[in-house]
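Construct all of the structure, not just a fragment, from the sequences and the given hints.
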Amino acid sequence: MGEVTYVNKQPWGLIGSITASKAALGTTGRQAADIAAFAAGSYALWEVPLRINTAEIEFSTTADADSQVVNVYAARGNSDYVFVGTLTLTGGTQTGPNSDVYVDTMVESGVVWKSSGTEVINSAGNHIARWMINLVGYSRVLFIATTLVASSTLQIYGSGL
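Under numbering that gives the first Met the number 0, the first residue of the sequence shown is numbered 0, with each subsequent residue one higher.
These are calculated hints, taken from the structure and not from any lab test. Remember, predicted model here, so these are calculated numbers, not experimental data. It is possible that part of the hints are untrue.
Ranges of calculated distance between the beta carbons of each label pair, as one might list FRET restraints [claimed, not checked]: (1) ALA38 <-> GLU2: 41 to 51 angstroms; (2) GLY12 <-> ILE120: 16 to 26 angstroms; (3) HIS126 <-> ARG75: 30 to 40 angstroms; (4) ASP33 <-> GLU2: 39 to 49 angstroms; (5) THR27 <-> GLU2: 46 to 56 angstroms.
Where a beta carbon is used, it is the ideal one built from N, C-alpha and C, also for glycine.
As structure tokens, this is what we get:
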């Protein structure tokens, strides 16, 4: 009998909603206590479940063609947050879970992460664009929308293996 590989599959879950833009993190103020002091709705924080090494993220937004820019950061335990990269998101026409639409176009830029540790999947074409990241042991992922269309809500969903 051969070796059996088990994959820890997490269902999709809402990480959070962002309703206000916020400046990118500076060179200070990157500790968990600093983030906890941010105004509600200005960020989304995912406490990644144990045993999750690879995360898959999808977004929904208020309307088709909404364009949002999100900075992503990560931290291990109580360490300071480090910059992962920037995602530019555009809403599509496929109906999302909250009378909104899924982001169908996603472009990553400025990524400073492990080689081949991030990937955009299925961008454009009115499909659900997804972003994958190899967490390499990081346990928290922080999302800050540096650009958010007025009166828009950005929903962030996560799953992992």
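Okay, the hints, checked on the actual structure:
no., hint, in the structure
1, ALA38 <-> GLU2: 41 to 51 angstroms, "holds (50 angstroms)"
2, GLY12 <-> ILE120: 16 to 26 angstroms, "holds (18 angstroms)"
3, HIS126 <-> ARG75: 30 to 40 angstroms, "holds (33 angstroms)"
4, ASP33 <-> GLU2: 39 to 49 angstroms, "holds (45 angstroms)"
5, THR27 <-> GLU2: 46 to 56 angstroms, "holds (48 angstroms)"
Comparing the model with each numbered hint stated earlier shows that all of them hold.
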